[in-house]
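Make the full structure from the sequences, and use the hints.
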Amino acid sequence: DTEVTQTPKHLVMGMTNKKSLKCEQHMGHRAMYWYKQKAKKPPELMFVYSYEKLSINESVPSRFSPECPNSSLLNLHLHALQPEDSALYLCASSHGQGTRGYTFGSGTRLTVV
Amino acid sequence: QQPVQSPQAVILREGEDAVINCSSSKALYSVHWYRQKHGEAPVFLMILLKGGEQKGHDKISASFNEKKQQSSLYLTASQLSYSGTYFCGTAIFTSGTYKYIFGTGTRLKVLA
Numbered sequence: 042d043t044e045v046t047q048t049p050k051h052l053v054m055g056m057t058n059k060k061s062l063k064c065e066q067h068m069g070h071r072a073m074y075w076y077k078q079k080a081k082k083p084p085e086l087m088f089v090y091s092y093e094k095l096s097i098n099e100s101v102p103s104r105f106s107p108e109c110p111n112s113s114l115l116n117l118h119l120h121a122l123q124p125e126d127s128a129l130y131l132c133a134s135s136h137g138q139g140t141r142g143y144t145f146g147s148g149t150r151l152t153v154v
Numbered sequence: 014q015q016p017v018q019s020p021q022a023v024i025l026r027e028g029e030d031a032v033i034n035c036s037s038s039k040a041l042y043s044v045h046w047y048r049q050k051h052g053e054a055p056v057f058l059m060i061l062l063k064g065g066e067q068k069g070h071d072k073i074s075a076s077f078n079e080k081k082q083q084s085s086l087y088l089t090a091s092q093l094s095y096s097g098t099y100f101c102g103t104a105i106f107t108s109g110t111y112k113y114i115f116g117t118g119t120r121l122k123v124l125a
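Those sequence lines, one after another, are chains A and B.
Count along the first sequence from 1, add 41, and you get the number used in my numbering.
Count along the second sequence from 1, add 13, and you get the number used in my numbering.
Please keep in mind that the hints were generated in silico from the structure rather than gathered at the bench.
Wrong hints could be hidden among the right ones.
Cut-off 27 Å, straight-line C-alpha distance, at most; resulting in silico cross-link-like pairs (DSSO-like, lysine-lysine) [unchecked claim]:
1) Lys60/A with Lys94/A
2) Lys79/A with Lys63/B
3) Lys112/B with Lys50/A
Residues of chain B placed beyond 12 Å of chain A at every Cβ, according to the derived structure [claimed, not checked]:
4) Arg26
5) Val32
6) Glu53
7) Lys80
8) Leu93
9) Thr107
Anything over 10 Å on all C-beta distances counts as not near chain B; from chain A, calculated [unchecked claim]:
10) Thr48
11) Gly55
12) Thr57
13) Lys59
14) Ser61
15) Lys63
16) Glu65
17) His70
18) Ser96
19) Ser100
20) Ser106
21) Asn116
22) Ser127
23) Thr144
As the structure is a prediction and not an experimental result, all values here were calculated from the model.
Built from N, CA and C at the ideal position, the CB exists for glycine as well.
Structure (structure tokens):
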């Protein structure tokens, strides 16, 4: 299995909703990442988990809450989002520090209304 | 710290060649290249680790200069399937760990 699977593919939520994005990989990668990508812009790093511990939080607002229940799963919990949070959210994983490259999931297209 | 890519956008006819550059003000630990098609995830193309390194597969190749501050991606005899946005990326060591950042991106469109 050489894929990163993200669900759901599309999500529309209101500003008072609570939702979660899920990411799963079975490649034995021990580093997992959340990126946010706006249209026509490069992905921006949000969080890094290394061996299931949060190692980097790029000053992301607390309305985004990551969770890594085990080495194969990564969640992003969403609460009280703003319309400007609408974007493509990408999950990625890598061996170690990623020197062999990163594998990305197909993303969740999030729209906040 | 974000690598800067040039050109920002390029339009080609099938069979033409293109070069995409990725530049940094500081030496990079490594450089990766990705292609992203509209609405899809970035797809890993290749990684370069050493100054002076060149590598490639099929008609896509890349180089990393000796000072490790510039990398170039070469697309030869372009095909329609090459259309997309190309990103270089690099790992930056900070706070005891590596974090990965992408370059500014180059939009490539190949016309029939």
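Here is what the structure says about each hint:
1. Lys60/A with Lys94/A: Since the Cα atoms of Lys60/A and Lys94/A sit roughly 22 Å apart, the hinted pair holds (cutoff 27 Å).
2. Lys79/A with Lys63/B: violated (32 Å)
3. Lys112/B with Lys50/A: At roughly 25 Å apart (the allowed maximum being 27 Å), Lys50/A and Lys112/B satisfy the hint.
4. Arg26: holds (23 Å)
5. Val32: holds (19 Å)
6. Glu53: The claim breaks: Glu53/B does not keep its Cβ more than 12 Å from every Cβ of chain A (closest is about 6 Å).
7. Lys80: holds (20 Å)
8. Leu93: Non-interface label stands for Leu93/B: nearest chain A Cβ at 21 Å, farther than 12 Å.
9. Thr107: Label violated. Min Cβ-Cβ 8 Å, cutoff 12 Å.
10. Thr48: holds (14 Å)
11. Gly55: holds (24 Å)
12. Thr57: Correct as stated: the minimum Cβ-Cβ distance to chain B is 28 Å, above 10 Å.
13. Lys59: Given that every Cβ of chain B is farther than 10 Å from that of Lys59/A, nearest at about 26 Å, it holds.
14. Ser61: holds (19 Å)
15. Lys63: Holds: least Cβ distance 15 Å, greater than 10 Å.
16. Glu65: Since the minimum Cβ distance to chain B is about 14 Å, Glu65/A lies beyond 10 Å and the statement holds.
17. His70: holds (13 Å)
18. Ser96: violated (5 Å)
19. Ser100: holds (12 Å)
20. Ser106: Given a closest Cβ separation of 19 Å, the condition holds.
21. Asn116: holds (18 Å)
22. Ser127: holds (15 Å)
23. Thr144: Nearest chain B Cβ is 7 Å from Thr144/A, so the label is violated.
Hints 2, 6, 9, 18 and 23 from the list above are not met by this structure, while the remaining hints are.
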